[in-house]
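Enquirer: Sequence:
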Amino acid sequence: MLTARENIRRVLRHERPEWIPVAGHVDPYNQPHKRGMDPALAEALREVRWSDESTVAFSRYLGLDIMDLYGPPLRVEQRRVEVTQARDGDELVTRWHTPAGELRQVQRFSESTGLWYTVEHMVKGPEDLPRLAEVFADQEVAIDHAGLEALRRRRELIGEDGILTAPLPGTPLGQMVRVHAGPEEIAYLWADARQELHHLFAVMERDHRRQFELAASLPEFDALVTMDDTSTTTLSPAMFEECCLEYTDRLAEITQAAGKFYFHHSCGLIRDLLPLYRQTKMDAVHGFTLPPLGDVTIAEGKRRLGPSVAIIAGVVQIFGDLSDRGQVAESVRQMFEQAAPGDNVMFWLAADPEKDMEQTAFVAGECLKWRGMYSSAEDYTCR
1 MLTARENIRR
11 VLRHERPEWI
21 PVAGHVDPYN
31 QPHKRGMDPA
41 LAEALREVRW
51 SDESTVAFSR
61 YLGLDIMDLY
71 GPPLRVEQRR
81 VEVTQARDGD
91 ELVTRWHTPA
101 GELRQVQRFS
111 ESTGLWYTVE
121 HMVKGPEDLP
131 RLAEVFADQE
141 VAIDHAGLEA
151 LRRRRELIGE
161 DGILTAPLPG
171 TPLGQMVRVH
181 AGPEEIAYLW
191 ADARQELHHL
201 FAVMERDHRR
211 QFELAASLPE
221 FDALVTMDDT
231 STTTLSPAMF
241 EECCLEYTDR
251 LAEITQAAGK
261 FYFHHSCGLI
271 RDLLPLYRQT
281 KMDAVHGFTL
291 PPLGDVTIAE
301 GKRRLGPSVA
311 IIAGVVQIFG
321 DLSDRGQVAE
331 SVRQMFEQAA
341 PGDNVMFWLA
351 ADPEKDMEQT
361 AFVAGECLKW
371 RGMYSSAEDY
381 TCR
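For the record, in the sequence shown the residue sitting at position 352 is 352 according to the working numbering, with numbers rising by one throughout.
Among the clues, some could well be false.
As a list, the in silico DSBU-like pairs of lysine-lysine whose alpha-carbon atoms are at most 30 Å apart [to be verified]: (1) K302 to K369; (2) K34 to K355; (3) K302 to K281; (4) K355 to K369; (5) K369 to K34.
To be clear, the hints were calculated from the coordinates, so they are not data collected in a lab.
Since the model is a prediction, treat every value here as computed from it, not as a measurement.
Take the sequences, apply the hints, and build the full model.
Expert: In structure tokens form, the structure reads like this:
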């Protein structure tokens with residue numbers, strides 16, 4: 001029998017697995033309700049943080065494969081650009097003092113979620129683009145050698161039960177939409193300052209590729225993950241084609257040259273992006289979102305992506321109504337039927353804060369029921 005790690009790698013090489021992998025996932029946004037939770041698991045998930053061991057504990061408790069996201073030990077520092085921060089109640093104001101002028105960002109803390117949200121972006125108009133370019137041109141990226149031992153411990157903790165993946169900042173366009181400007185401002189900049197945006201992206205790409213090269217050099221990682229994570233509601237296929245199509249290949253080449261897999265995280269409404277993804281060298285679409293949350297099924301996704309790009313699909317049933325258990329079970333079965341024989345599909349079960357562990361375990365159990373049957377039976381084909 002294959003190890004879980006090798007079984008996942010088999011899918012990513014487009015070979016038939018012994019079972020269709022189903023990996024668990026927990027992060028500060030996605031964690032199960034603690035009602036009725038086993039005390040040991042509740043302690044392990046007491047305070048979920050990015051890159052902690054929560055995903056490993058959650059996955060092992062449910063008997064799932066592990067696909068852990070662990071931030072690479074990289075140190076990103078400004079050399080000359082001064083960065084100052086000031087706290088005012090529940091707001092944090094950050095300023096970047098650049099030779100081209102000042103940038104200002106405001107984030108607000110939410111007591112209900114325990115997370116910070118951006119309420120004022122750095123980029124508010126075309127005049128801010130050269131300032132942001134100064135920030136990225138000034139950055140120095142290096143391996144944080146103090147963090148290497150922690151990375152090695154995480155690799156040892158997972159062992160052969162799954163893979164360890166390194167999440168990295170999104171593509172320059174994706175970063176602008178999600179972090180630095182927001183979708184509304186990007187719409188104006190795309191119409192009024194396209195040339196200036198491309199100049200900024202060229203500067204951002206140099207910094208981004210350096211981070212990829214360093215993360216790819218670390219032998220503990222199986223895969224590197226970057227994103228647009230914006231779907232076609234905020235990033236059109238034409239925008240992706242112009243700014244991200246060739247750049248995605250450069251990221252994939254860096255990753256694959258180091259013997260690792262390149263995942264492109266893109267959740268939401270991505271149906272019309274898939275033909276473009278097919279043209280790239282990416283190994284997998286990570287966060288592939290099925291209906292009713294997304295707009296493309298596994299069967300259609302396989303046709304649109306072709307045989308060279310794998311699908312890492314979210315188990316969307318966990319986010320829906322679980323009152324009709326029979327209907328949910330049949331939905332999971334159909335999902336695995338479309339994934340058969342599993343040579344380019346795996347699943348990702350992220351926890352839902354509105355679902356307790358009994359509900360979560362039910363969905364996970366239905367996935368475990370079908371994951372081997374649809375990968376092993378010769379007569380199971382996608383209808």
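Enquirer: Work down the list of hints and note, for each, if the structure agrees.
Expert: Checked hints:
In summary, the hint linking K302 to K369 is supported, as the alpha carbons are separated by about 23 Å, within the 30 Å threshold. Annotation: proposed proximity of K34 to K355 holds, straight-line Cα distance about 9 Å (limit 30 Å). Between K302 and K281 the CA atoms are separated by roughly 16 Å; this keeps the pair inside 30 Å, and the hint holds. Note on K355 and K369: the hinted pairing holds, with a Cα-Cα distance of about 20 Å set against a maximum of 30 Å.
For the suggested pair K369 and K34, the alpha carbons sit about 24 Å apart, so the restraint of at most 30 Å is met.
Of the hints listed earlier, there is not a single one the structure fails to meet.
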